[in-house]
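Since the structure of chain A is already known, use the hints to place chain U on it.
If you read the sequences in order, they're chains A and U.
Its first residue numbered 1, the first sequence is counted upward by one per residue in my numbering.
Its first residue numbered 1, the second sequence is counted upward by one per residue in my numbering.
Worth flagging that the hints you see were computed from the coordinates, not collected in a lab.
Be a bit skeptical, because a hint or two may be false.
As the list claims (entries may be wrong) - Pairwise CB distance ranges (calculated):
(1) Phe121/A - Asp334/U: 19 to 29 Å
(2) Ile92/A - Gln239/U: 48 to 58 Å
(3) Ile21/A - Asp101/U: 12 to 22 Å
(4) Phe195/A - Leu55/U: 22 to 32 Å
(5) Asn299/U - Ser16/A: 57 to 67 Å
(6) Asn55/A - Lys107/U: 32 to 42 Å
Stated by the list, open to error - The calculated DSSO-like cross-link candidates involving lysine-lysine, where the alpha carbons are at most 27 Å apart (straight line), are:
(7) Lys77/A - Lys50/A
(8) Lys277/U - Lys172/A
(9) Lys77/A - Lys277/U
(10) Lys206/U - Lys250/U
To be verified - Some chain A residues near chain U, calculated using beta-carbon distances under 10 Å:
(11) Ala102
(12) Arg116
(13) Gln142
(14) Phe194
(15) Tyr239
(16) Arg270
(17) Ala284
The beta carbon of each residue, even a glycine, is placed where N, CA and C say it ideally should be.
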Amino acid sequence: MENAVRKKKFDFNRISLPSNIIINVIFILVILLFLLPLLLVVMVSISSEKTILTNGYQYWPAQFDISAYEFIFKSGKDILNAYGTSIIVTGIGSVAATLIIALYAYPLSRSSFAPRNKFAFFAFFTTIFGGGLVPWVFIYSQLFKIDGTLWILIVPYLMNAWWVIIMRTFMKSSVPDELIEAARIDGAGEFRIFFQIVIPLCKAGLATIFLFCLLRFWNDYYLALIFVKDHHLYTIQYYMFQMLSNISYLTSNSNIPAEARRNLPSETARMAIAVIAVGPVIFAYPFFQRYFVSGLTIGAVKG
Amino acid sequence: MATEQTVGINPSIGASTPDNLTEQKRLGKRRKSKGAMARDLAFYVMLLPGVIVLLVNNYLPMIGVIIPFEDYRFQDNFFSSLVTSKFTGFQNFVFLFTTSDALNAMKNTILYNIVFISLDVIVPVALAIAMSQMWNKHIGNFYQSAMFLPYFISWVAVSYVVYAFFVSQNGFIDTSILKTFGIDQIDFYSEPKFWPFILTFFHLWKYTGYNLIVYIASLSGISGEYYEAASLDGATKWQQVKYITLPLLKTTMIILALLAVGRIFNGDFDLFFNVPKDTSMLYDVSDVLDTYVYRCLINLNDVGMSAAAGLFQAVVGCVVVLLANVGVRRFDPDSALF
Chain A
1 MENAVRKKKF DFNRISLPSN IIINVIFILV ILLFLLPLLL VVMVSISSEK
51 TILTNGYQYW PAQFDISAYE FIFKSGKDIL NAYGTSIIVT GIGSVAATLI
101 IALYAYPLSR SSFAPRNKFA FFAFFTTIFG GGLVPWVFIY SQLFKIDGTL
151 WILIVPYLMN AWWVIIMRTF MKSSVPDELI EAARIDGAGE FRIFFQIVIP
201 LCKAGLATIF LFCLLRFWND YYLALIFVKD HHLYTIQYYM FQMLSNISYL
251 TSNSNIPAEA RRNLPSETAR MAIAVIAVGP VIFAYPFFQR YFVSGLTIGA
301 VKG
Chain U
1 MATEQTVGIN PSIGASTPDN LTEQKRLGKR RKSKGAMARD LAFYVMLLPG
51 VIVLLVNNYL PMIGVIIPFE DYRFQDNFFS SLVTSKFTGF QNFVFLFTTS
101 DALNAMKNTI LYNIVFISLD VIVPVALAIA MSQMWNKHIG NFYQSAMFLP
151 YFISWVAVSY VVYAFFVSQN GFIDTSILKT FGIDQIDFYS EPKFWPFILT
201 FFHLWKYTGY NLIVYIASLS GISGEYYEAA SLDGATKWQQ VKYITLPLLK
251 TTMIILALLA VGRIFNGDFD LFFNVPKDTS MLYDVSDVLD TYVYRCLINL
301 NDVGMSAAAG LFQAVVGCVV VLLANVGVRR FDPDSALF
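With the rest of the complex left out, here is chain A (with noise of 0.2 Å):
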């Protein structure tokens, strides 16, 4: 309290009590936007159908209803498949991805290593240039021929050219010098330096491009979009998508027996599973959000 008066007392060049009053109830506003589309689904969720049927959508259903997530881990084999394999890949393809990122990173942050820049430039070139979709499609499904494997969920996300340059900013400003040519000079070889000395140093910068990686592995849609076509091999994300579209073909075409309506799932159950698939993501949040920002202060600061 007397620290607060204190305060009030010097910081003479602070805006007005109405005009904070004004920026904080439009922020409240702003918040509401953003977070009130997500509650709706949310809410949808653990509504009981028939009032969806009979008054739609809403945020405060008459009556709630939990059936929709009894319903998905009850009969829901395939969801929950698809959860696995989103599961596997997420898992693999991030620790990949940090290891990989790492490595690339670590000797263009060092002064010592006379060809870092044209390094930098092979990754960053790719920012600026790329052969396009249908050349990088052919690569994978024509070259390799790894289209019908798992591999094609997690190959093409292991590198990433702006976190390489997060990565080798961080590394730059938290291992100092004297103490990788210290370890040298104790005889440790480059990899043992790494492996005990830089990676221990650089913990929160690794936590920061894990995480990028795992939501961008855990989010993706995209790679299953384009290859997969087999069902063992759908994520969540796919899943999803499979069965938002399958529901407005279904209900736009007048055509299609009513048999092949009445197995879709209810209007609560879909919702209920894009609340399991977003679900982690929400509750990790405010352990990992954190990491984001200073990942991006870093990114943020040029160099």
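Chain U only, in chain A's frame:
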């Protein structure tokens, strides 16, 4: 653990006597070239996995830039197909620039990007400046986190959100809002005129938090002394923003806008594919080059056209980013990208 290492290492250096040092230096010099070579070798090994991924994922597809110049037919091997397919010159590009769908996609791509680039500067900068003036910084952090959340929501889930609001019969807008005001229901998914606003809203919804954090980061780099001095001289808040904050944010604004300008021929596939749910009735206002390229290849199997549009995007995008960079470098070297 790292500190243990340091402690363990330092005494060994400190232990060397002056006599020892010269000896070490002499030896060290000879050893250095050998050591440097071994070190470089280790560095190359570290770079190898990344180089392989970049070669496979980014550089090999660049060979495919010849696909739009031929009538590509796949025969059991990618490379031999590239060589043996019939050369057709610029035919695919002629088709591309005479097809109304492609031209529509091109127009949409550029128009949306112009709107997005402007809003992505104006909205986050305004919010960042407002946030920096708030009395309570903790609440500011909370606002920032809340606005960053949509960035982490997958695009497929976003399409569910859009669906929950706009689908006819059950959608929230139709049943809860329009009904309350006694307005007739609208079938949004067959009414193109609403979608430029919906798409722009969801673009801002998804990315504003991200841009906000970048701008807050560069705002925090501005020394508070400038503002103190200005306010002692009687500058108002508006004057401080105009003459201190905005000029100092200029570099960040230009770099971010420059990156976006370089991608002016790239539509955001995630947004334009998922939010309108690839509805053909909305293509007039929702089709961008990226969704067009995708549809040509996957739905229509028109390799030539798709590849031509893709190459056009890549080349023009590359030229635009280089030109923009040259232009920026001329009048403000600090803001140039490279």
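Structure versus earlier hints - violations, ascending order: Hint check: 3 and 8 fail, others pass.
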